[in-house]
Structure formats: structure tokens, C-alpha cells
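Protein sequences appear in the order of chains A and B.
Under our numbering, the first residue of the first sequence carries the number 1, and numbering increases by one thereafter.
Under our numbering, the first residue of the second sequence carries the number 1, and numbering increases by one thereafter.
Just so you know, these hints were derived from the structure itself, not from any lab.
Hints may contain errors.
Simulated crosslink set (PhoX-like; lysine-lysine; CA at most 20 Å straight-line) [stated by the list, open to error]:
#1 B:Lys-57 / B:Lys-222
#2 B:Lys-57 / A:Lys-479
#3 A:Lys-407 / B:Lys-57
#4 B:Lys-268 / B:Lys-336
#5 B:Lys-57 / B:Lys-24
#6 B:Lys-57 / B:Lys-5
Sample of chain B residues facing chain A (criterion: CB under 7 Å; computed from the structure) [claimed, not checked]:
#7 Pro-108
#8 Tyr-111
#9 Pro-113
#10 Leu-250
From a predicted model like this one, the values you see are computed outputs, not experimental measurements.
In this text, a Cβ means the ideal position worked out from N, Cα and C, and glycines have one as well.
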Amino acid sequence: MTADVTLQRAIKIPFMRRYDPSALVMFGIVFSLSLLIIAFPIIIFWLSFRVGRPIDPAATYSFAHYIKVFSDPFAFKVLLNTLGFSLTTLVVSLSFGLPCAWLVERTNLPGKPILYTLMTIGLLLPGFATAMGWLFLMHPRIGLVNAVLKSLLGLDFPVFNITSIIGMGWVEGLSLAPVAFIMTAAVFRAMDPSLEESAEMSGAPFHTIARRVTLPLAWPGILAAGIYIFTIGFAAFDVPAIIGWSNRIFTFSTYMVTQLSPDDGLPQYGPATALSTFVIALAGGLSWWYGRLQTRAHRYQVVTGKGYRPRLLELGKYKLWAWLFLAAYFLLSKLIPLLIVIWASLLPYFQPPSAEAIAMMTLKHFNSLPWGLVLEGLKNTTILVFLTPTVTLICAIAFSWVVLRSKLPGRSLFDFVAFLPHAIPNIVFGIGVLLFALYVMRGVAPIFGTIWILLIVFVVGRLSYATRMTNSTMIQIHKDLEESAQMSGASTGTVIRRVVAPLLGPTLIYAWLWIALITFRELTLAVILTTRDNMTLPVVVWSLWVASGFGQAAALTLILLVMMIPIVCLYWWVARKMSFGANR
Amino acid sequence: MIDVKDLSLTYHSSGRQTHLAVDKVSFSVQKGQVYTLLGPSGCGKTTTLRCVAGLEKPDAGEILIDGSPVSSSVTNSWVPPSQRAIGMVFQSYAIWPHMSVFENVAFPLRYGPFKVSSADIQTRVTRALSQVQLDHLKDRPAPHLSGGQQQRLALARAFVMEPKVLLLDEPLSNLDAKLREEMRVELRQLIKSIGMTAIFVTHEQIEALTLSDVIAVMNNGKIVQEGTPLDIYQRPTNPFVANFIGQSNLLNGDVVEATAGQRAIRVKTPLGTLACEATQEVAAGAKVVVSIRPEHVEIEKSAENQGNALQGTLASTSFIGNAMDCALRVDGQILKVLMHAERTPPIGSPVTVYVSNRHCLAMRA
Chain A
1 MTADVTLQRA
11 IKIPFMRRYD
21 PSALVMFGIV
31 FSLSLLIIAF
41 PIIIFWLSFR
51 VGRPIDPAAT
61 YSFAHYIKVF
71 SDPFAFKVLL
81 NTLGFSLTTL
91 VVSLSFGLPC
101 AWLVERTNLP
111 GKPILYTLMT
121 IGLLLPGFAT
131 AMGWLFLMHP
141 RIGLVNAVLK
151 SLLGLDFPVF
161 NITSIIGMGW
171 VEGLSLAPVA
181 FIMTAAVFRA
191 MDPSLEESAE
201 MSGAPFHTIA
211 RRVTLPLAWP
221 GILAAGIYIF
231 TIGFAAFDVP
241 AIIGWSNRIF
251 TFSTYMVTQL
261 SPDDGLPQYG
271 PATALSTFVI
281 ALAGGLSWWY
291 GRLQTRAHRY
301 QVVTGKGYRP
311 RLLELGKYKL
321 WAWLFLAAYF
331 LLSKLIPLLI
341 VIWASLLPYF
351 QPPSAEAIAM
361 MTLKHFNSLP
371 WGLVLEGLKN
381 TTILVFLTPT
391 VTLICAIAFS
401 WVVLRSKLPG
411 RSLFDFVAFL
421 PHAIPNIVFG
431 IGVLLFALYV
441 MRGVAPIFGT
451 IWILLIVFVV
461 GRLSYATRMT
471 NSTMIQIHKD
481 LEESAQMSGA
491 STGTVIRRVV
501 APLLGPTLIY
511 AWLWIALITF
521 RELTLAVILT
531 TRDNMTLPVV
541 VWSLWVASGF
551 GQAAALTLIL
561 LVMMIPIVCL
571 YWWVARKMSF
581 GANR
Chain B
1 MIDVKDLSLT
11 YHSSGRQTHL
21 AVDKVSFSVQ
31 KGQVYTLLGP
41 SGCGKTTTLR
51 CVAGLEKPDA
61 GEILIDGSPV
71 SSSVTNSWVP
81 PSQRAIGMVF
91 QSYAIWPHMS
101 VFENVAFPLR
111 YGPFKVSSAD
121 IQTRVTRALS
131 QVQLDHLKDR
141 PAPHLSGGQQ
151 QRLALARAFV
161 MEPKVLLLDE
171 PLSNLDAKLR
181 EEMRVELRQL
191 IKSIGMTAIF
201 VTHEQIEALT
211 LSDVIAVMNN
221 GKIVQEGTPL
231 DIYQRPTNPF
241 VANFIGQSNL
251 LNGDVVEATA
261 GQRAIRVKTP
271 LGTLACEATQ
281 EVAAGAKVVV
291 SIRPEHVEIE
301 KSAENQGNAL
311 QGTLASTSFI
321 GNAMDCALRV
331 DGQILKVLMH
341 AERTPPIGSP
351 VTVYVSNRHC
361 LAMRA
């Protein structure tokens, strides 16, 4: 019958090759993106040794940049600042995130799903928004709290100073507490409760169990979360930029920006690349340690596949205290800073609340916004908000397919490459893309100053998250489902479109929305790569702030937040619908 | 219809460890036959099947379907699985959960190598579904089917494009015992009524014996014996087969008497010297294994079985429903014997048992 016809006209390819065109397309995506990801650190490494104009054939190689950076007292100060800032961030975020995680996973605290959602959505609040709030709140001169305390207590010095390393670490720590929460909650959830129960049966009191059993078991996971937060803190831009910049307190990322686009003179790529190389090495070391901790966590075998329902601790009368603690966190990290930003946006100049201040309230900052620039930024941001998640997820599917489904030798290497943007601070990739555009792509495709360069670095930056999502879902899709489609005669492309993608569907929607939201508020990467022609909305906020238009910056931040609300609601709805991610 | 020649495949697991999963396997399946690859897990049967499907690429060897090579290291050609037009039923059924019953079956017609008009899709899917008695469920979401229904759906999907070859990878192993028994018979009838050539992989000997025209028993990546179900059961030529199919008492022995051209030999075993039938030509002095099935050991003497009489004591019994599974101690050796439950003497009694010569099969060790 028909079968005879088919077999005769069947495509025959050489025995040594077994992939069809759509598979080759996926290999192409994975290969080229991997090359890019690896190229960025390599370019940085290369230029860090190159003295003279990089493209000048007369340029030589030496350690000059390293010697210059590490003998420069200012650069050394920056490193110390960054270290102090990231450590404070780590301590603050863990002291809020860890108790929250324990309360949610191990006690009978009511309202857990809401807490999960609030924590996840809390991550989306841009750092520059809360940083503005805290600056208005605790600036030594104009800060609201300081002003009130000064007049109340009759002091002549400020009580709090947010424009310090500890102050900035406090603000960054508050905004990273959800990361600590999400990562440590996963540790508590995966822990076999019978380990604690057997301690209880041995007659140990609660605090002994916590100290001797729970914490030691959770330790590798907590430490892993700590390393991750430390890395984020190390490269954080929003908070040091908003709070530290105008007060000449620089950390790694803000220092980088001053080197790459100084107020006077030419960009200093030498010191920037040397310092970046140092940070790559540091991140590499931390990742290696992180990897070892993960293996040890597996050796402890606290992570099991079984669906445990741990017995929950009765909070009883402590329930109220737990909720007060949580309420305090949300007030400090979200509500109060936001209210202050609203307040600041409505006043001609910032001042503490009073009858006269209320009388002075005005919409002047909203009306005086440079609307041409704002609309231009909105256009760019909108394009990126749609393109970034789409392109990222297509690439992530290709990566997951190659790593999990193809039989390419050495395929797990690609998984490692996709994980690099997670381990190395994103700002380093930003610098890598910048140099790549300037020195490699210059003659080929002039992407510098366009939104395409932003698209590339945004995709690279989100690839780790996206591949983690597609990997974990694709592992759950039984391989037979794809192979049976192949046996039905479907090409690899059809298998991906008709079987894999629909089954990944919910995960893809969820991840798409999350990446879209992160893209919408992304400032760090955009600042490094922005010129006059490719400003995004957060960059417009930043440029207003730098130009001392504090009220205008606050106003635009509010507009930005309001625009995020519908996507956040959609995200919330999807997450609830899937009972996935935001709550479980 | 299907010819497999010298197929080899080595798995490279982590490190430098390699595992020869399929070792120069050759076999042919005639048109309309149900050919079974039977063996314990890890024997290479599924890998062989996946090579025929094209889901694994062999290192060497040739696979021909209807005379044309689909995978050949000789002529250096390879047809991707999607172009082979082979129907396949997976162990997990691999029913796509995001599609309806109808859409699952229509998939091969829509996206497969055949171009089928949508009117034809309608009629062919309906016909396939009625062949497996699922036509009344065609609009149901696929995950809402019971295990047996999913199994039939997987089958309908595999044969809807009228492939010349059907591959079945342990299709019954996910069903509960009662349903498995029903489906065994039903499956064979269905394959025969459609007239397809099928390769069936299983580790269940009963399934293999019921379903197959030809069985190939595999062990360690090799086919150790090929034959009809009756042949394989009654005339195992290999100790592994004798032990894997049914139960066997395996006794190591030395040939003490053999005549060239004659099957009848005498073998010295730990139970004494037995009159046996050789499955291969053996000479006196050769080492052999004698296989005696527990159900062939009799407690009543007859003209046929009087040659081999064994005296022992009944060591233990266990009731297994249709018979009594007994262990007889003969010269310190245990001989498994199946007795009628009501005729089993009490434990410890002396018993004399008889085995006819043709049931003492001697094979090369």
C-alpha cells in the first residue's frame, strides 16, 4: 500500500549523520549563543592585558592595568566598599528571608499562599524605587526620619545615615530577602521531616532539635543561597547608584560605570577589564565552592523525591509575633519606601509631612517630565519586554533539547555554559557585550547604540533562569512522548512544536511573564550599554536622577510601577492557576 | 520482511566504562509473523528494537525493511525514524496528554510521511479506533482513559498509518495482572487481523509463548536460541533458555556413553547416571548440563519413564494453587518436583520418582 511508496522515497542520509534540519537549527542556536557567552569573558580577559588602543596593532600585552588598578587607593577602596556592602546585604537578607522560609515551611502560620505571592512579587519591585524611598527617609540632611528625630530630641547630628556602606547594604538586603526566602524555603521543603521527628522521639526539646538537627542539615542549602546573594550584592547597581553615587561612595558596579563613561575624558577600558577579570575569578571560585556544597547537600540526602508532608509546628500565641515580624518586613522593604516616593513626587522639593507641605502638593513633576524622552524609552522598553522573553525561551528550549534529548557528545558542556550568566555577575556580561560590539562587531554589524545590543545582553542574562525552568519541566516529560511522535513520522521541528512546546506550555507562559517583568525594570545592564539612542525607561529614570531631578525621577518611577501592575496581575493569576512557583 | 544482520551497539556510560548492549545480533522476520525478543532486563532486547525503530543508532550492522536498508554501516545509509513508517507501541504508551483520543490517533496521518486528506484522516482514525473499540471515546481528553484503554489507543495510533512493521516494547507490562491476561490474547488477534509484521519485546515468558510465532531468547546482547514457542519450551538447547523459560532442575554432568548419530546418551550427574536425550551432538567425556522440568518428574512408574528412577526424601512443600511445589532431597541434592496437591506424601517420607529419557535434556555446558 502507501507504505511501499513512502519507504522508497524516504530521505536517506549518511549513516554517520542522524539529525534533520530542525535539529540542526537548534544546534546552530545553541552553538552560536554558547560561543557568544564564552566570548564575552574572553574579550574582557584579552583586553585586560592589552595596553594601548585595543585595535591598534602597536598595542602590547602587559600587567599594566592590573598594577594600575590594584595600586590605585581609590579602586582598592571600591573593592573594600563592595565587600562590606555585599556582606551587609547577605546578613540583612538572610535575617529576614530565613525566618520567613522557616515560618512558611515548618509552622502552621496562616495565609502562606499570600506570603509566597507577596515575596515573589516583592522581587519585582525595582531596587531603584526602594533606594529612592530610603534616601528620602534617612538621608543625613534631608531624610525624613532624621529631621523628625532632630527636632524631637533636639540633636544637631543625624541619627541614621543611609549614605553609608551599612545603609546601602541594609536597603539591598531588604530587597534581596525574597531570594533568600525562596532558596531556603526549597531547602526546608526538601528536608526529610523524619530526621527531626526521630530527634523529637529521642526526647530533645525544640531548640535543641533546631540547633543540632535542622540547621546542620539545612546548612549546605543556606550557604549556597548565601553565596548566590553575595554574588548578586557584589554586582548590584540600583542601590549603590541611587544612594551612593551622589555621595561619592562607589561599589564595583558604579565604579565600572564611571570608568566606562566618565564625566571627562575617554572610557577607561583597561582598569574596567582588569577589575572584571578579578571579579570573574572571584565568581568562579565561589561557584566552585557552591558546586561542592551542592554535592555535599546531596550526600546528606536531605533532598528526597518523596512527597513529604512534614508535621507543622503549632505557633499558638506566637502566631501574632510571626505576623508582626512579617508585617514589619513588608512595611520596611516595600510600603514605607513606596509611600515616600509618592510623597516626594508630589512636592516641589522634598520636606517632611506638614500642613504647609500638603498645601504645596503639586503635579508639577509629572507635567514637567521630558515626555519625548519618556515615550522613546517606553517604545524601546516595550519592544524589549516582548522580544527578550520570547527569544530567551526559544533559546532555552533549544539548550534543553540539546542537553537532555540529543545524543551530541559533550552536550552537558552547553548546560554549564547556560549556567555561566547565573554565576558571573551580569554587569560583567554587560561589559563583555559592550567590548564585543565595539571591537568585534564594529565592521560587521553596528549594533552599538541600538536596542539589539540590549536584547543580546538581556537574553544572555536571563538564559540561566530560562534553561533551569525548561530543563526541569523537560525532565518530567517522558522521552517516549517525543519518540512516539518521531515514530509517527514527525520531524524534530514538528515534535518540538506539537508535543514539547504544548507540554512545556504552562512553564513557558510563567517564565515568559517573569522575564518580561524583570526586563521591564532592568537598569544595570541597560546603563552600561545605553547611548542617547537606545534608552529604556529605567535608564530615563536614572538620567533624571543623575541630573538632580529627584522629584521627576520619583514621578517617573511611579509611572513605571503603575505600568507594571497589569503584567504583575497576569503573572499572579497564571502562578495561582498553575499553583506553581509563587505558591506550590 | 525485516532482516537484521550483525547488529552491534556499545553504550558508553560515564567514564571509560563501555557496555556491549547488542552483540552481532542477526535475525529475520517473515511477512505477517509476530517475532518476539525475550530475555531478562539488560539483555539488549529493547536496544535491538530501538535500533530497528531508528531511535538508537547501531555501531555496526545492517537493518533491512522489505529489502531496502534503513540503517547500514555497509552501504553507509541511514533513514531517520520519522521516515521509516514503522508503528511503535511504547512501554509507557506515550499517549500525548494535551490531545484528545482522536487527535492522538490522527497525529501520524497529519504530521507523518504520508500525505493524507482531512476527509481520509476522519475515516481512517474512526476505523482504527473502532478496531480497538475506542470509537465511543474519541473526543475524550487522552489522560482520562483507563490503563487498558490507553494501551489500545497506543496500538491504534501505531497502526493507523498502515505501517508494514509494528514494534511493541513491553506493551503489557503496565497493566494489572487480570487485564494483561485478556490483552495477551486480544493483542495477537488484533495484529493477525490487520496482517502486520510485528516485533515484540518482553521479559514475560507467558506473553512470549502466547503471542509469538517465533521467539528469540536473548542474553548478554546475543540471541541464544530462536524457535517456535513450543520448540523453545520443549527443546531448549541452552541451559540459560531451559532455566529462563519455565522452571528447570539443572544438573552438571559428564557424558559416559554416546553413539555417533544417536540422540540417546547416558550422563553421570550428582543424582546418579541418567538416560538422557542430547539436544546437540556430544561425544563421551563431554561436559553437559541436564535439564529436568519439575512437571516432568512423575511419581508413577510407566513403560516410558522406568529408565530413570530416583530415590529421595521429601524435604519441603509449598502449595501454589494448581499444584504442590516440592523439594526432593536426592543424594544431598535438591530436585524440584511438581506434584498433585492431593497425592503429595507427608514431609520426610521416602519417595521414588521417575523421569522419562526424552525429558532429561542434555545440552552443552
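Hint check results:
{"no.": "1", "hint": "B:Lys-57 / B:Lys-222", "result": "17 Å, holds"}
{"no.": "2", "hint": "B:Lys-57 / A:Lys-479", "result": "16 Å, holds"}
{"no.": "3", "hint": "A:Lys-407 / B:Lys-57", "result": "10 Å, holds"}
{"no.": "4", "hint": "B:Lys-268 / B:Lys-336", "result": "19 Å, holds"}
{"no.": "5", "hint": "B:Lys-57 / B:Lys-24", "result": "14 Å, holds"}
{"no.": "6", "hint": "B:Lys-57 / B:Lys-5", "result": "14 Å, holds"}
{"no.": "7", "hint": "Pro-108", "result": "4 Å, holds"}
{"no.": "8", "hint": "Tyr-111", "result": "4 Å, holds"}
{"no.": "9", "hint": "Pro-113", "result": "4 Å, holds"}
{"no.": "10", "hint": "Leu-250", "result": "37 Å, violated"}
Checked against the numbered hints given earlier, this structure breaks only hint 10.
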